[in-house]
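Participant: Chains as they are written, first to last, in our numbering: chain A, 286 to 434; chain B, 286 to 434; chain C, 286 to 434; chain D, 286 to 434; chain E, 286 to 434; chain F, 286 to 434.
It does not matter which identical chain is used: a pair holds within one copy or between any two.
DSSO-like mimics (lysine-lysine), calculated; alpha carbons at most 27 Å apart, straight line:
hint	residue 1	residue 2
1	K295	K358
2	K326	K426
3	K426	K358
4	K366	K317
5	K317	K361
Source of the hints: derived by calculation from the structure; they are not laboratory data.
Protein chains: 6
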Amino acid sequence: MNEVLKQPRKVYVTRTVEFNAAHRLYNPDLSKDDNREIYGKCSNANGHGHNYELEITVSGTVDRTTGFLLDMKELKEVLEKEIIDRFDHKHLNLDVEELRNTVPSTEVLAITIWDILTVALQRYTNNGITLHEVTIHETRKNSVRYLGE
Amino acid sequence: MNEVLKQPRKVYVTRTVEFNAAHRLYNPDLSKDDNREIYGKCSNANGHGHNYELEITVSGTVDRTTGFLLDMKELKEVLEKEIIDRFDHKHLNLDVEELRNTVPSTEVLAITIWDILTVALQRYTNNGITLHEVTIHETRKNSVRYLGE
Amino acid sequence: MNEVLKQPRKVYVTRTVEFNAAHRLYNPDLSKDDNREIYGKCSNANGHGHNYELEITVSGTVDRTTGFLLDMKELKEVLEKEIIDRFDHKHLNLDVEELRNTVPSTEVLAITIWDILTVALQRYTNNGITLHEVTIHETRKNSVRYLGE
Amino acid sequence: MNEVLKQPRKVYVTRTVEFNAAHRLYNPDLSKDDNREIYGKCSNANGHGHNYELEITVSGTVDRTTGFLLDMKELKEVLEKEIIDRFDHKHLNLDVEELRNTVPSTEVLAITIWDILTVALQRYTNNGITLHEVTIHETRKNSVRYLGE
Amino acid sequence: MNEVLKQPRKVYVTRTVEFNAAHRLYNPDLSKDDNREIYGKCSNANGHGHNYELEITVSGTVDRTTGFLLDMKELKEVLEKEIIDRFDHKHLNLDVEELRNTVPSTEVLAITIWDILTVALQRYTNNGITLHEVTIHETRKNSVRYLGE
Amino acid sequence: MNEVLKQPRKVYVTRTVEFNAAHRLYNPDLSKDDNREIYGKCSNANGHGHNYELEITVSGTVDRTTGFLLDMKELKEVLEKEIIDRFDHKHLNLDVEELRNTVPSTEVLAITIWDILTVALQRYTNNGITLHEVTIHETRKNSVRYLGE
Chain A
286 MNEVLKQPRK VYVTRTVEFN AAHRLYNPDL SKDDNREIYG KCSNANGHGH
336 NYELEITVSG TVDRTTGFLL DMKELKEVLE KEIIDRFDHK HLNLDVEELR
386 NTVPSTEVLA ITIWDILTVA LQRYTNNGIT LHEVTIHETR KNSVRYLGE
Chain B
286 MNEVLKQPRK VYVTRTVEFN AAHRLYNPDL SKDDNREIYG KCSNANGHGH
336 NYELEITVSG TVDRTTGFLL DMKELKEVLE KEIIDRFDHK HLNLDVEELR
386 NTVPSTEVLA ITIWDILTVA LQRYTNNGIT LHEVTIHETR KNSVRYLGE
Chain C
286 MNEVLKQPRK VYVTRTVEFN AAHRLYNPDL SKDDNREIYG KCSNANGHGH
336 NYELEITVSG TVDRTTGFLL DMKELKEVLE KEIIDRFDHK HLNLDVEELR
386 NTVPSTEVLA ITIWDILTVA LQRYTNNGIT LHEVTIHETR KNSVRYLGE
Chain D
286 MNEVLKQPRK VYVTRTVEFN AAHRLYNPDL SKDDNREIYG KCSNANGHGH
336 NYELEITVSG TVDRTTGFLL DMKELKEVLE KEIIDRFDHK HLNLDVEELR
386 NTVPSTEVLA ITIWDILTVA LQRYTNNGIT LHEVTIHETR KNSVRYLGE
Chain E
286 MNEVLKQPRK VYVTRTVEFN AAHRLYNPDL SKDDNREIYG KCSNANGHGH
336 NYELEITVSG TVDRTTGFLL DMKELKEVLE KEIIDRFDHK HLNLDVEELR
386 NTVPSTEVLA ITIWDILTVA LQRYTNNGIT LHEVTIHETR KNSVRYLGE
Chain F
286 MNEVLKQPRK VYVTRTVEFN AAHRLYNPDL SKDDNREIYG KCSNANGHGH
336 NYELEITVSG TVDRTTGFLL DMKELKEVLE KEIIDRFDHK HLNLDVEELR
386 NTVPSTEVLA ITIWDILTVA LQRYTNNGIT LHEVTIHETR KNSVRYLGE
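Modelling step: build the complete structure from the supplied sequences, incorporating the hints.
Facilitator: Structure below.
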């Protein structure tokens, strides 16, 4: 089976999940005026929200027996536990431990998710599979990619 | 010009706008348990949020001179003032006068927007043009339509 | 709460689900040539498949206490049991009892799903809520709507 | 076969096609100022363009033998000949006979396509199948529906 | 003409095609239990199916005379012959020579398409143009990229 | 605030804008026959048009105080001035200075936009932020990426 995999083949597998969350962009270290200047209507005191679309890409060599890079059921469980349970239907500033003391911009969110998944995937996935990219689409017009650089 | 419009032609014109807002589904008239039972994680105390995609459909007879149902610039201004300014980057429960004392479900939101636009379009648009439909997509999976029934 | 609902308001709520299935368009009552003529490459003996995107629309009066037309958790359970369990990752011709002795075209599939849900929603949903529309997108280019007519 | 079709079932089948065209909104019966006022940057002398996404919906009773409303290959041929050949990679004002002496707004385009297809489908399709709806998406934000009213 | 191309410019051109196919994930070298464990409902004996969306990216220096990287008509013909004719409306396990003796996972499919196109594009395209990336979206949530590594 | 940014983090921020333009693919240095051969119906004398979807990606280190790579309001202003004002509702061959004497293919357009933005972003953005990628989707099927190589 899977002759095509006799030589090692490196693939990039992307799983997309969505979570719906509120957030507020506001830095208490700055003046009210600076906050309004920098964050505009994103600094609205009661917050606003988004349907965040998150693309997680892992890479590595395809397993010759299964034809898979990794067990997608396991990856789904990791994302359910680490991403959905933590961020979905939450207020990012108030309900998420890892975002305390941050301005939860899309940039900060992408990096935080990278840091969380780097640890989580270490425990769950086999050797050779690494987190390659975290991309978040905040709206259809704005997105941020982080590659661990 | 526009021979095709010699006979009256009724069209439906749809304009799509997006706004990003936080909300919380919680009815203070009900017990905590009932709220948790009915609204589940949507009742999270600090709220969550969405990219709401709103489709506004107006209908009427095409103008023979312009080839338009209505002046789209005017409709855009109405939607900017009545929808974007009111709902975008807001917390629906706390920042929107018209949603005070409601559970801002997608259903209630669609009906409220219908009521607002029925008044607003009365002032702006010419005779014969009526609001036909308000559709809100809360996520890619859930949407609500209201037709004034 | 929910003053806006003091008068009855009829809304249409749409839930979208996806299932991935194989099928073959072939009518054993017809000759091989007729099958090839009518169904073309859709009659391929070993079948082909689709990501079916299904939109289920129910309509009725919004509940004044909850602000919902219906309990979406319940609707999701019905769709999970009646649609996903029955059609997802199946061969429509071979694995689905309700499609035995049919040509599982998108038209037949939409009607069959209507018939299934009419019964299923009778058991689950409260009075006044009716199935309004079943729409299936077979590809980005082809879709079929059935309204029970 | 197709027991489910023993009773007549009315369905709506939608086919989506895309064409890429240039156009200019300008009414020579009006003054330059009026044109600028009404059409804004859409009146740019050299024109601009769009990827028009066109949804054609036909309705009727499903055929009991084939399980189809109509032969999709035939509908595709009609749309290829009547829509793609006529509008794709054309300048709507200058290259399309049927749009001479019109302001090719999305409204006028939808109505013109309805008129063309009403004739074309009369010749090609069997009795009982009627054109139900023509919808054009000019951009992701603007669309027009015409139902022959 | 095309002063901007006086210096060599390397671009990446992506063409997207779709094919609809059935498949089954099952490895006969493994036990029934292992298959059920690894492939879950994807191992359903009669198969299931997908609308596969395939993005082919080629890269190279833009031709100074034409302004094109390559003749898109030619690329379309290659993809028609090598991809559509081979995979569309087929059962991947049973109808496709190149996938015999494989588990046709998205990973294996992406690699197989890369191998096919590497040969096919060698014959058709001019020097300097290379296959850069093959991406397959199996569903809206899962995709695999292969870059020849 | 923003402990996560204590170490420098490089992100890629993408902003998507759309413009609607007409164009014609025709090289006056070539014969009529060569033009027809190379550009097919894209060489139609009166032009055709597209909804161009443009993705601009900039990269750099996230600012520790703001949590942003850059001020999105400023980037939007640059894109409004340099892209929308220049290309939207224009005929690319006739109305755009920078495309004079070019065949405005998607390749040439992507490179031209790169050249324009490289200059424009030099003036507006802070040190360390560089233009990373320009991607244009001409249709849902064709896109071109340019990375300054």
